[in-house]
Amino acid sequence: MLEIKGMGARYGEAEVLHDVDLTIGAGEVVTLVGRNGAGKTTLLRCLMGLHPRPTGTVHLDGRDITRLPAHRRARLGLGYVPDDRGMYATLTVHENLTLPALTTDGPAPWPLERIYDTFPVLAARRRSPGTKLSGGEQQMLALARVLRTGARLLLCDEPTEGLAPVIVQRIGEILREAKEHGVAVLLVEQNLRFAATVADRHYLLSQGRIALELDNAGVSSREDELLAHLGL
Amino acid sequence: MTSFLQQAFNGLVSGSFYALLALGLAVIFGMLRVVNFAHGAVYTLGAFGAVVLADKAGLGFWWALLIVPVVLAAGGMVVERAFVHRLTALDPLYNFLLTFGIALVAQDLLSMTYGSHSQPYDHAPFPGSVDLGLFDFPKYQVFALAVSLAVCTGVWLLLTRTRIGTVVRASTERPETTRAFGINTGRWITPVFGFGVALAGLAGVLATPMRAVNPAMGSDLIIVVFAVVVIGGLGSVFGSVLAGFAIGMLQALGNLYVPVLSQTSVFLLMAVVLLVRPAGLFGKEEHA
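So the protein sequences, as listed, match chains L and V. Just so you know, full-length UniProt numbering puts 130 at position 130 of the first sequence, and the rest follows in order with no gaps. Just so you know, full-length UniProt numbering puts 130 at position 130 of the second sequence, and the rest follows in order with no gaps.
If you are wondering where the hints come from, they were derived from the structure by calculation, not from laboratory data. Do not rely on the hints blindly, as some may be mistaken.
Pair by pair, the computed Cβ-Cβ distance ranges are [claimed, not checked]:
id, chain 1, residue 1, chain 2, residue 2, range
1, L, P111, V, G186, 26 to 32 Å
2, L, S220, V, F96, 40 to 46 Å
3, V, R163, L, G25, 44 to 50 Å
4, L, H181, V, L97, 52 to 58 Å
5, V, L109, L, E15, 27 to 33 Å
Examples of chain L residues toward chain V, derived with CB under 7 Å [claimed, not checked]:
id, residue
6, R67
7, A70
8, L76
If you want the ones that stay clear, here's a sample from chain V, every Cβ over 10 Å from chain L, calculated [said to hold, decoys possible]:
id, residue
9, T88
10, G101
11, R169
12, E173
13, N184
14, A216
15, I223
16, M249
17, L269
Glycine residues also receive a C-beta, built at the ideal position from the N, C-alpha and C atoms.
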């Protein structure tokens, strides 16, 4: 459903992505692993249309979206979960949830009532400012927010970072449930074990290039080597 | 006691104008990250608009209150599209120079046309005074205060209770993330600029019956309004309005008790606030 060809990106003089090719099938969960500074966040920002002037092409369901502005990409079904969780302090939990425009695909599998059923903590705190939630609750909100729009491809930037194991497990459940509904996920992740429990395939990004493409068996057989590369 | 209350009321009336102007500045800064240095000139143009409508078209105060803010908002939106918009990607200094230049041009054009003396205005509504118990107060000033409170409350409700308000707050706080959520933030920039300009124009019309209308009226006032916005927190709508009324009172009461400090007190307060809370009382630190 998503096809990236020859993507490159710069920050001023520094080239942070070189010639990245990457594909994601419908309903597939793909992780992007790599050290800090490997270009993972930049790649997601390029996909979302937030990074200035990337090179290469991006196709979503065969449609060229390379030049589309961010808000139109979102309406076509890209759901962004930024690395800082993108909470609004000036918006309540409810406003945070209902801010994103629905995608053009019709009714979402997660209407608001279902979101509140699935995440009772968000219902209980619907009038609090988004930033007053705990880290784990914020991450639930960030995921729920894009699921509600009917997004078909989630771009999640390290959703498990800094969270307690029980919350990480919960995020895994949410991602698997999304997958069952045909939602594809591109997951930036440092936690290899977690990645292997939710994902179908893995890309290793190193110094702005795709260095490896692995399935789950490949990850477990080369775990030590990968962990060494990630410096963990 | 009576003089204290009377002076406090005077302060609230000056505060009405500070609040309306600061509100417009805050809304514009929040959405565009542009400090509109032409805001005082818009206030002046609003007052002159009321005078000109009366002189040339025989249209009284109520017409002016309706027509002038709309015309100025339209003009503001044209200026935003034609100039401000082209500079927003550059260093903020360029829009500072642009809006400051517009203010100077507007003020000098008014001086050339009308001279620097004050314009008479004889369409003031609500003549006479109202008995407020301990003292009499000009009816019109009570009206001006009521309009300012109503407008500030209305804008507050618009921002906090409506979908448009949610989108504007979201775009103000995190413009980039908001675009990633399928919202075309660019579409709101020009109307919000026009709205902020309209508020300054409204303040100008509202000032016409009770203040000296001359080309310098805006530049005198706006210096205090900038201090108000800094104290309230740049971009904070609530902080700007509250600081507007508070500083009106501070100045008026300062006049009564420490006349030496009446003009400086605002800037002393601003200095203290900047030292203690650099983002202002209700402002948030910008994260990169």
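Each hint tested on the structure:
no. : hint                        : result
1   : P111/L - G186/V: 26 to 32 Å : 29 Å, holds
2   : S220/L - F96/V: 40 to 46 Å  : 59 Å, violated
3   : R163/V - G25/L: 44 to 50 Å  : 36 Å, violated
4   : H181/L - L97/V: 52 to 58 Å  : 53 Å, holds
5   : L109/V - E15/L: 27 to 33 Å  : 51 Å, violated
6   : R67                         : 15 Å, violated
7   : A70                         : 4 Å, holds
8   : L76                         : 9 Å, violated
9   : T88                         : 14 Å, holds
10  : G101                        : 29 Å, holds
11  : R169                        : 5 Å, violated
12  : E173                        : 5 Å, violated
13  : N184                        : 5 Å, violated
14  : A216                        : 37 Å, holds
15  : I223                        : 29 Å, holds
16  : M249                        : 27 Å, holds
17  : L269                        : 25 Å, holds
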